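Chains as they are written, first to last, in the numbering used here: chain X, 1 to 241; chain Z, 1001 to 1485.
In case anyone wonders, no lab produced these hints; they're calculated from the structure.
Hints may contain errors.
Partial pick of chain X residues on the chain Z-facing surface, computed with a CB cut under 7 Å [claimed, not checked]:
#, residue
1, Met68
2, His71
3, Leu197
4, Val208
Treat the numbers as computed from the prediction; the structure is a model and nothing was measured.
Yeah, the Cβ is synthetic: ideal placement off N, Cα and C, and Gly gets one too.
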Amino acid sequence: MRLGIALDARRRIIRVHLLLIEDDPEAAHFVLKGLREGGYSVEHAADGRDGLFRATEGTYDAIITDRMLPHMDGLAIVQLLRQQGCDTPVLVLSALGNVDDRVRGLRAGGDDYLTKPFAFVELLARVEALLRRKSGPQATTALKVGDLELDLLGRRARRAGREIDLTSKEFTLLEFLVRRAGQVVTRTMLLEGVWDLQFDPQTNLIDVHISRLRQAVDRGFNRVLIHTVRGAGYVVRDDGP
Amino acid sequence: MMALSDRPPFSSSFRTSAFRLAIAYCLLFTVSVSTLLGAIYLITRNVLANEVDNVILIELDALADEYDREGQSGVSAELARLRESWGRAGAIYLLVDPALEKRAGNLSAWPFAGVPKERWLEFDIEALRDGGMVRDPVRARVVEFPDGYRLLVGTEVSERRQFQQRFRAATLWAIGLTALLGALMGLWLSRRLMARVRAISSACQQIVGGDFARRLPVGGSRDEFDSLAVAVNHVLTRLDEQTMTVRATFDSAAHDLRGPLFRLRGRLEELQGSARLDAEASGSIDRALKDIDSVQRTLAILLQIAQAESGAALAESARLDLGELVQEITELYEPAAHAQGLSLSCDVEVAWVNGHRQLLTQLLANLIENAVNYAGAGALIRLTARARAEGVRLEVADNGPGIPVGDRERALRPFVRLSRAESAGSGLGLSLVAAIARLHEARLTLEDNAPGLCVVVQFQAARPEDAAEQHAVPPAAAPRVSAEA
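Chain Z extracted, bound-state conformation (with noise of 0.2 Å):
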């Protein structure tokens, strides 16, 4: 079997419905053939049968009435004219006395011992033919006048046999040759499905990983997969658009937030640098335009979150080295956790995931200013990014307080601050980090670090087919385009 890179081993189509269906038909096509074809061969057969026996029927009656006017000379005179006219092909003819001594006829012997008690009898011959001696099957019927006299009336039938053989053999060629040409055949169907069913499926997987302008192949036959494509495709169309109203409502929302603030911020910014003004009213403006920030910081998350949800950001997704960007951000952390007397240290490895690489730094971002926040003085925050065959698994570990297990869902939600005592950052950090895990499709876990809480988020393996996508993400550490000066 012609065994091509990209379809999977040969062993798997044998497990899909469509190949199943194939052999089944198959299966239900030969044996229907066979059936066909074997009536006809023991039709056939039977009447081929019934015409030699009816001539043999005939001619022994004949020659029966023959006996009754003209006795037994009148009988050899026939079997002689017969013989010098050879009639029929094949004919055997022998009439014997009672001591079944030959009178006349074209065989030479009586062929049995004794009187056999069938009334139809068949037995071989030997003839001269083609120079040398062969054995011919007879078929052949007796009757006994009343005087002791017997006749024997047959027919040679080798030719009958030759036929039935020849007969036989096309019939199981035939339906051998229906068999393999059902297999080819279903083979083939199966295959032809199982290609469309792959097109199909790998244009879905394309989408749900943020190619959402895709759509699935029409193949223009208008069979069944082309309405089903046809249905799906309508079906993304709508879900396009609603994305896109998504997008615009996030657009208007924003807009009208960030205006005002923008307006606020500007006329705050005037008053501050215009007026001569005293130190606590500067330091009131200094405090409003703090405040502007931190709206407009839980602003952005709260856009970001929604965004996650909605799922629209994975259109600028692309394979990015985990590792790397766990490394860097640690790195941009550290001396500020080591000035609050924290230590934050990362163990990474190369770890390719595909990913949205400004959301997943949100998510390293929350991750530790979390444990910044709740680990306490003196503690320890560990990174870690490892590749696995089951894909990355990331890991924020810290040794502070740790969360207990009951409240550990809870935490995920937006809003949701655990520590009363604890007012720093908005309460929706977790969320935030949840809803880019989910994005991402990995799986977000808080386990107990034993003391502590470690955050464990694994990433499903990165897509084979996105490598080649690998040489268009650029490597963190080169400036972007637009900080270059």
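So here's chain X without its partners, still in its complex pose (with noise of 0.2 Å):
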């Protein structure tokens, strides 16, 4: 499943500009194995002062900061690179043990922020919505994908033509999906978007969820729009005829 994230990635044209500032070397080497793997090209800072001296010279499309860094605290480097009126997104890794670190951390600046220790798929995902993010908000009323149609005024969705019942939960769990399309989006970040609940269920929730909408939204049609990635969560996609 990686394979396909991955190949997803290299479509790109343009290159894809990552900073990490990580000092566990191990741990470095992990996510800089898997980023370049991803088509990214990333390069790595091993403690804060270095980390803040490259994100301060060089331009990023993002950054991916431990929080515990030698010489400086990783959301120190955000706040200053925020003072500093820098908007590269920033997702902040922590293996801190308080409940409310993730608060903190959004609050310094940070714009997602991820425990260790986490699928690398779940990084993936994150960073690529961290991305999508920077493009620019889309100020839109209809989003489409095929033929699903979504009119985000009057929430209501159609496919191919005929309105699909749906909960306002399914709608906004739908519109998370199609907001994303193409794009794999995890369990948690399904949890964290759509619920605005931060928690990992014992039991597999979200999947029930996703198969509620399926019988709504792709029952009765050839062509499946909501994908399951194995191991990472789901991803919208119209793969054509």
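Make the complex out of the two chains shown on their own, each in a separate frame, by following the hints.
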């Protein structure tokens, strides 16, 4: 499944430059390797001072930083960057143990927060989401994938011209996926984005919601729009005829 | 009395010890002043009375000597001379013969019927003053000479009486004013004391509510309140330092456990991604990854418990609608429960609590997962959130086998699984619920749903002063910044 994402990323024409600030050499090795396999060009800084220097000097599409770093805390780097007017998206990685770390990380100016250990697909999906966000929020009233159309004002969905009956939550879920069409969305991202919940449920709650959504959206159609990415999450994509 | 809206009703100030103390001091003060003024009044009155009496006695002696020397005519002449010179103010003289007929003096007639027995006499005379007749009091003494003549010497004491009356009135006024002043002073002092106490107690409430950076107000007057505040602030700073130490300990413990887990996960993922593995090896790696997830989840729960117990998480708490959260999470779990043949529903109303959203989410999730895991197939699980005057009451009820009364307390301890057959969960679920409830000063009880288990979490009513923060809490349905594309 990693291959699928990697190929997606390689389709990009413009090369994306990332900066990884991580002091643990082995962790940095995995992350660097995974991101490079994903088609990104990644620079590595092994401590906070070097990280801040590179982040200030270079131009990156996104920055991934650990929180606990020698010389300088990851959040301090984010705060300094934001004070300098730098709005490069930042993903904060953390192995810290506080429930409020995420809130603090976002408050400091981080765009997303990921607690270690995480599955690599989770990191890839979030980096992808950060990069898409940078290209600007779509102030749009309608979304379209294949023959699926979403009317965001009336909160109605149609497929092949036929109205789909959805609950309000199902519509929010579908909208979240369609806004990120072609992009892998993990279960945690759905919990955070659709339900606004920060927790790790024991059972796969999201799968059941997706399967209900599938019943409504894909049932009776030859072309499936909601795809499962094994081990990662879901993607809404029109694969064409 | 001035009633200020932010103060409790006046009647409640009567119950404070400051007010009682003020009243006691006021009473003591008033009694002391009354005693002092009363003593002065009595002494002054006696001195004045003695002075009058002494003058009368001296004159009487002098006139008696005159009588002894010169006889009745000498006294008459002396009285006439005194009348001419009009020496002493308000002096009254009268010489009468044995038949009580006037012989000399400035009194028109013997003022008594017969001869009074008392040595000191008091009677009124009529005098022409200020163009009218007034009655003036007179104090007098009579001597009887051997020939039956009687001499009366007295003093008109109306001025003395007036002075006495004024003195008495002034004394009473002074006592009254003292009492009034004491009462006002006491009231002012007790209000001032109560304001200090109230400032301290409100600061304490905010600190307990999670504002750990707050300190008690120090006035700068170096009084006992200031020294108390300084001492408490010192304790708070120490506690704050300890909380920081606890947080740092959590952080380094978490860091030291999550770092290796992360590397382990990375190695396994790398292995799985790179090599051509047979199905068996790939399956092993998948299981190992699942184990890492489970270790990670348990670690997260332990950290949450430790944090909830330390109270450090309250800094992020805010006013939130528990009813809405319950509904949100019920809707999240409903399809999964339905797929397992369980019925999950909720019945909520708007129920404001002061809480940590993420931890309350975890509490609800754990209670629902617990019910789903233990209530058995076909069970009905029902969540209710009700706002009552005494606070919000949350219930998670199922009609499963329940927990026997004797086991209920044990069920809340960490790593305790009541049913050996069930292996779902880490055994930490309910102890995390208990820790989160304690953090929120909520009471957690396991009750009998007859049949089944009813977990009750009774929250305290949200404090009214937190209402202002209401706008700061984002509506639950709005996606967070991080998830916005």
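Which of the listed hints are not met by the structure? Violated: hint 2 alone.
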